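S.K.: Next come the chains, spelled out residue by residue.
2 protein chains.
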Amino acid sequence: MLPDRVRIVEVGPRDGLQNELTPISTEGKLQFVRKLVAAGLTQIEVTSFVNPKRVPQLADASELITELPSAENVTFSALVPNEKGLDRAIESGINRIAIFTAASETFTQKNIGMSIDESIATFAPIAKRAIDAGMSVRGYVSTCFVCPYEREISKDRVRDVTAKLFDLGVDEVAISDTIGAAVPTDVLETVSFVLEKLPVERIALHFHDTYGTALANVVAGLELGVTTFDASAGGLGGCPFAPGAAGNLATEDLVYLLDRMKIQTGLAGQPGVDLGKVIEAASVVARVLNRQLPSAQWRRLQADFAADEV
Amino acid sequence: MLPDRVRIVEVGPRDGLQNELTPISTEGKLQFVRKLVAAGLTQIEVTSFVNPKRVPQLADASELITELPSAENVTFSALVPNEKGLDRAIESGINRIAIFTAASETFTQKNIGMSIDESIATFAPIAKRAIDAGMSVRGYVSTCFVCPYEREISKDRVRDVTAKLFDLGVDEVAISDTIGAAVPTDVLETVSFVLEKLPVERIALHFHDTYGTALANVVAGLELGVTTFDASAGGLGGCPFAPGAAGNLATEDLVYLLDRMKIQTGLAGQPGVDLGKVIEAASVVARVLNRQLPSAQWRRLQADFAADEV
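Chains B and G are the protein sequences, given in the same order.
One point on numbering: in numbering that gives the first Met the number 0, the residue at position 191 of the first sequence is 190, and numbering is uninterrupted.
One point on numbering: in numbering that gives the first Met the number 0, the residue at position 291 of the second sequence is 290, and numbering is uninterrupted.
These aren't lab readings, by the way, just hints derived from the structure by calculation.
Any given hint could turn out to be false.
Copies of the same chain look alike in the list, so a pair counts if it works inside one copy or between any two.
[Stated by the list, open to error] Quick list of in silico lysine to aspartate or glutamate cross-link-like pairs, EDC-like style, CA-CA up to 20 Å:
#, residue 1, residue 2
1, K261, E188
2, K261, E151
3, K196, E222
4, K154, E188
Since this is a predicted model, take the numbers as computed values, not measurements.
Just chain B, same shape as in the assembly (with noise of 0.2 Å):
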């Protein structure tokens, strides 16, 4: 039994655009947010508050978050990977952050030089000081299924390091393929051993699709009842140095699939997430980066360009 309806956290401002090279100034990130906004998304994970020496694309992001639209029923959030990025984010006025781990100890050490127990240990004042600020906080576990460092990851550090951010106070965590390696197989093990623990609704999903099986593992999600999938809308995420290689699951790509499969992507009584007006929002990051993105649906409407050209 399908769920009806499901809920999109765009990921396309931070994780799709954190590691571009060229720059996209304030203005064109907001015209991005703005059209996400228009095209229905209501979660947005809109920058990070990395060191700007580190990640200058996303320097503005306190700047970018002041001039957010104000949007009804729409959630904004900012990645938060420190106690400094978390005086930035308060300062900001943003009220909901995420704070992130991996289940993978070797990829944690070389994402973030600690283990996953001393990142956990750094994240607890952090979520607990956002928490008494009055924002909610969301999770991500990177490398849930395949780390490219240690291949295979059990499904019982993923289940245990999931609850420990749980009880760091976040109230959503995003289980995530951080190489789009993992396959439905993979899914159907370890989420279904993490819910018998755990409550599905407070489990995200979180694809790449760097071998073209997110698709596949958002049905497979989907078959355990997970009702939340983040997506970067016109597959935006990938290596900078490859124009079609592809990086997180594709909004639209998404939309066409949960449409097509009769799953609201909309609040209740609310239209869903216009698919239209996410290629949209895509090409205006397209146009800066004057690239073509790696989404089946914008692959299928330059197909039909090309065509009608002939």
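Add chain G to chain B, keeping to what the hints say.
M.R.: Frame of chain B, contents of chain G only:
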């Protein structure tokens, strides 16, 4: 319970190349086919005996077949659209042909200028003559889920047309999503209905990846116990006017999925299909076309190369 072994029918040389405008030499096609055999593919549809004036790309069908490598356990087939094509097929010495119709009246009219029943009547003597000549016959039913003209296609029609092809002596029918618009719920609904009356071991599924749903649809087919899937190396078979447009489900993407799901792709006691060698085979065509290919695996490798160069 998923099957533990599937059979991949490689259709790249025929379905992948039939719309290509760039001429590929017979030697180029032979190199492609030899590499597909080397990759472990055992069922390969190599060409089509269509009117050479209509599809000059495949005018070398007879010559190609004469020069095919002799390979144990490998079956080559060719599409045959009419009596004249069958004459050429018999003369060429190929011992498996494929015939086709569709589940949409409008599509059949536009594609081959007759009704579905007329197409069955037309192919009846062709199938009989082929079988009398010692050939085996495969059937395709196009537009089994969504038709570009009629939109939704009824599952009754799909089952009815499939059964009629079996009545002609066809040993396997490929239920085909010609425009790549199906999603897993379509597959579950239509194919389970077909399987209520027709034997699963004689049903193949043929997906295109236009909307990025092909692998998700394969998983739905596996869940129904289907063990034969068509695919095209490189994902060839897209719109010839649009470089990145998705075509047939890419063989290498299918192999990735099956490998990771621990589903065998080789004959019993034989190694499975080699993902890297499938990509090598596809690269023969990519070089001639001077084009990137749409498969996720291809794009991923390009990303790796590009990242290495930075």
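S.K.: So which of those numbered hints doesn't the model satisfy?
M.R.: Violated hints: none; all satisfied.
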